[in-house]
Amino acid sequence: MFLSASKCQIKNGGFSVQCDFSVEIGNHLSLFGPSGSGKSSVLLGLAGFLPIINGDLVYDDKSISKIEPKDRPFDLLFQENNLFPHLTVSRNILLGLGAKAKMDLQNSHIVNEILDLVGLYKERNRLPQDISGGQRSRAAIARSLIRKKPILLLDEPFAALDFELKNEILALLLRVTRKNNLSIILVSHDPRDVQYLGGDVVLFSENGQTDFYKNKSFWSKFSYKLHS
Amino acid sequence: MLAIPISRAIYRNEFFCKNQIISVIGILFVLPILVVILAVINVFGINGIINQFVSFLAFEKFSIYGLVGILTGHILINLPFAVRLLISGWSMIPTEQVRLAKQLGFNTQAFFKHIELPMLVKIAPSIFTIIFLYCSLTFSIALVLGGGPSATTMELAIYQTIIFEGDLSAAARLSTLQLILLTFLLILATRFTGNMFIEQTIILKNDIRGPKTVLTHWIDCFFIILFCLFIFLPILLIISKGLANIAIPTDNLILSAMNSILVAMLATFINLTFSLALCLLIVDEKRKFLKILIEVGSFSIICISPLVFGTALFLLLFEHIDLSANALLLTGFTNGVLMIPISLAILLPGFKKIKARYGKLMNIIGVPRTSELAKFYVPLLKKSIRFSCALVFALSIGDLGIIVLFSGDDIGTLPMYLYRLIGSYRMDEAYFVSMILLLLAFISFWLIENGNLNVFKRKQMSD
Numbered sequence: 001m002f003l004s005a006s007k008c009q010i011k012n013g014g015f016s017v018q019c020d021f022s023v024e025i026g027n028h029l030s031l032f033g034p035s036g037s038g039k040s041s042v043l044l045g046l047a048g049f050l051p052i053i054n055g056d057l058v059y060d061d062k063s064i065s066k067i068e069p070k071d072r073p074f075d076l077l078f079q080e081n082n083l084f085p086h087l088t089v090s091r092n093i094l095l096g097l098g099a100k101a102k103m104d105l106q107n108s109h110i111v112n113e114i115l116d117l118v119g120l121y122k123e124r125n126r127l128p129q130d131i132s133g134g135q136r137s138r139a140a141i142a143r144s145l146i147r148k149k150p151i152l153l154l155d156e157p158f159a160a161l162d163f164e165l166k167n168e169i170l171a172l173l174l175r176v177t178r179k180n181n182l183s184i185i186l187v188s189h190d191p192r193d194v195q196y197l198g199g200d201v202v203l204f205s206e207n208g209q210t211d212f213y214k215n216k217s218f219w220s221k222f223s224y225k226l227h228s
Numbered sequence: 001m002l003a004i005p006i007s008r009a010i011y012r013n014e015f016f017c018k019n020q021i022i023s024v025i026g027i028l029f030v031l032p033i034l035v036v037i038l039a040v041i042n043v044f045g046i047n048g049i050i051n052q053f054v055s056f057l058a059f060e061k062f063s064i065y066g067l068v069g070i071l072t073g074h075i076l077i078n079l080p081f082a083v084r085l086l087i088s089g090w091s092m093i094p095t096e097q098v099r100l101a102k103q104l105g106f107n108t109q110a111f112f113k114h115i116e117l118p119m120l121v122k123i124a125p126s127i128f129t130i131i132f133l134y135c136s137l138t139f140s141i142a143l144v145l146g147g148g149p150s151a152t153t154m155e156l157a158i159y160q161t162i163i164f165e166g167d168l169s170a171a172a173r174l175s176t177l178q179l180i181l182l183t184f185l186l187i188l189a190t191r192f193t194g195n196m197f198i199e200q201t202i203i204l205k206n207d208i209r210g211p212k213t214v215l216t217h218w219i220d221c222f223f224i225i226l227f228c229l230f231i232f233l234p235i236l237l238i239i240s241k242g243l244a245n246i247a248i249p250t251d252n253l254i255l256s257a258m259n260s261i262l263v264a265m266l267a268t269f270i271n272l273t274f275s276l277a278l279c280l281l282i283v284d285e286k287r288k289f290l291k292i293l294i295e296v297g298s299f300s301i302i303c304i305s306p307l308v309f310g311t312a313l314f315l316l317l318f319e320h321i322d323l324s325a326n327a328l329l330l331t332g333f334t335n336g337v338l339m340i341p342i343s344l345a346i347l348l349p350g351f352k353k354i355k356a357r358y359g360k361l362m363n364i365i366g367v368p369r370t371s372e373l374a375k376f377y378v379p380l381l382k383k384s385i386r387f388s389c390a391l392v393f394a395l396s397i398g399d400l401g402i403i404v405l406f407s408g409d410d411i412g413t414l415p416m417y418l419y420r421l422i423g424s425y426r427m428d429e430a431y432f433v434s435m436i437l438l439l440l441a442f443i444s445f446w447l448i449e450n451g452n453l454n455v456f457k458r459k460q461m462s463d
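Respectively, the protein sequence lines represent chains A and B.
So for the first sequence, our numbering puts the first residue at 1; every next one is plus one.
So for the second sequence, our numbering puts the first residue at 1; every next one is plus one.
Any given hint could turn out to be false.
Only some residues are given here: those of chain B computed to face chain A with a beta carbon under 7 Å [to be verified]:
| hint | residue |
| --- | --- |
| 1 | Gly66 |
| 2 | Val68 |
| 3 | Gln97 |
| 4 | Gln103 |
| 5 | Phe106 |
| 6 | Glu116 |
FYI, nobody ran anything at the bench for these hints, they're computed from the structure.
Glycine included, each C-beta is placed from N, C-alpha and C at the ideal position.
Excised from the complex, chain A in its bound form:
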């Protein structure tokens, strides 16, 4: 199963960005480039929050360019405000099962399993403002996982975390996506994140140009520049 964007042009106000890529479910993709080059706009376009004005976005041989965000095969993790501040961690995660989902026996079992997986069981009854930044990220990941969408879109959601914590969360993500055969599309301006995630890369330039690279060709071409 593939997700492919062919000459997908995404409009964000007066600015638009075009990109081409294809990713097989189970593999990962990084949208990499400097700030302001349109990476987040592409991610918002994929998720359905910005219009795709040209080209097509295809998943499992079906066009998904025009469908509602909730019906797309994605779950997007934002840079911040991923959790509702008035709901406990477990209630936030429960929302992943639907706005009307009740915390009945069956659902609480599902929620608890996910809480265990991300190591937040003890924090399940706490409010987002009462837990650490890393724990908030894990809670948001838990809600994404419970939705069982095949592709996770990450818009630099760990920008506020320190290096070690970020790697810990990325390791958790890699572990659960491998186990459940999920894909990650990550927006980042940090080459270390791209390297850690692995997978193919769409390189964004400041002039609005985007280029798709397979993993190996990207690192063989840019390794020297990126590490300097």
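Go by the hints and put chain B onto chain A.
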């Protein structure tokens, strides 16, 4: 309660002149009370537009005087204020939360429950408290539209006890009771929602709206039309009647207008001086108890009745100075002091943010406390300061206020001049003066607050 559906409808729909309407709502804060009273009488009074329509439909005319009149007047003044602050609240909902709701497929009910209700719980009690206190401490609407002792308010009772009965001890008892009740309410509101704040920034995000259905669309339309008719019809009526009765300003009118400007300038100066000093004192105070005490004490000024404050000044000073000759000074001073809580609600959040962000830097650089204000707070909070000054100036210009306690026949402000015209049934002149007062309040507010009607996307350091 009315402001919630109205502000929601205005925020989440696109319609003709939307931005202009929001801008105008912003300056309706400063509607002079006497103008509101005249407007209410003209629209809802026995010969008003509504009653003419009612009569045309062969129904019996209704009287505006009494509780309905008091309520209508207060709604006309406070509804735009509440709507404006709630639009700010709606615009402050994080974009990510709205997108998250779309991603999770929230319907209208879930969107309200998880996104809108938490915002309302956070800011509505603060708005409620400000409006409640304002209504409790305003006597002129109840005085004119109350229609008799059956529909009186506590503040009006204090006014009548002081002016007509001269019973100062009874007035003191009433005002103490009022002070206790209002302070209790203020503490209760502060306990649940934190300190009062007035946010003047609106950031309209056109692509970020909650889910809508055909029914909610029509409900929104109903509220927008209702609000526009209710708010703009009375004001347009006053302006049109003022234009119809336009005349060469008399010397008295010019003198009163000058006096009003003088009072407003003095009030603004005193208010700004005290407010800035208090903000600095609060953010710099390290002892927590003292900090809270100063903060709560400063906000509690809002619970003091202007009449009681004025009477206290009267009793303190009448043996030492000629009160009538110094009426303008005393009115300016009183207005300035009593509006400190409003300025604090605007300025203090910004002061706290700057202290949190740059406090350590100021210490490291070794900025003297006296320079902190000039070098950091004032430049970074320029827009909030202008907004606060504009509000105090315009409110002061339109306020009948405590000058009624001090002034003789020879000296007065524009609202007082208007009050006398209404009292002597010189309505043609009264409409003209109302229009002047209205324009003076609006234009001064507009000029001080940037000279720019565009309230959108004003980003500043405190945001």
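How the hints compare with the structure:
1. Gly66: violated (42 Å)
2. Val68: violated (38 Å)
3. Gln97: Cβ of glutamine 97(B) sits 5 Å from chain A, so the hint holds.
4. Gln103: holds (5 Å)
5. Phe106: holds (5 Å)
6. Glu116: Hint on glutamate 116(B): violated, closest Cβ of chain A at ~12 Å, above 7 Å.
The structure does not agree with the numbered hints 1, 2 and 6 stated previously, though it agrees with the rest.
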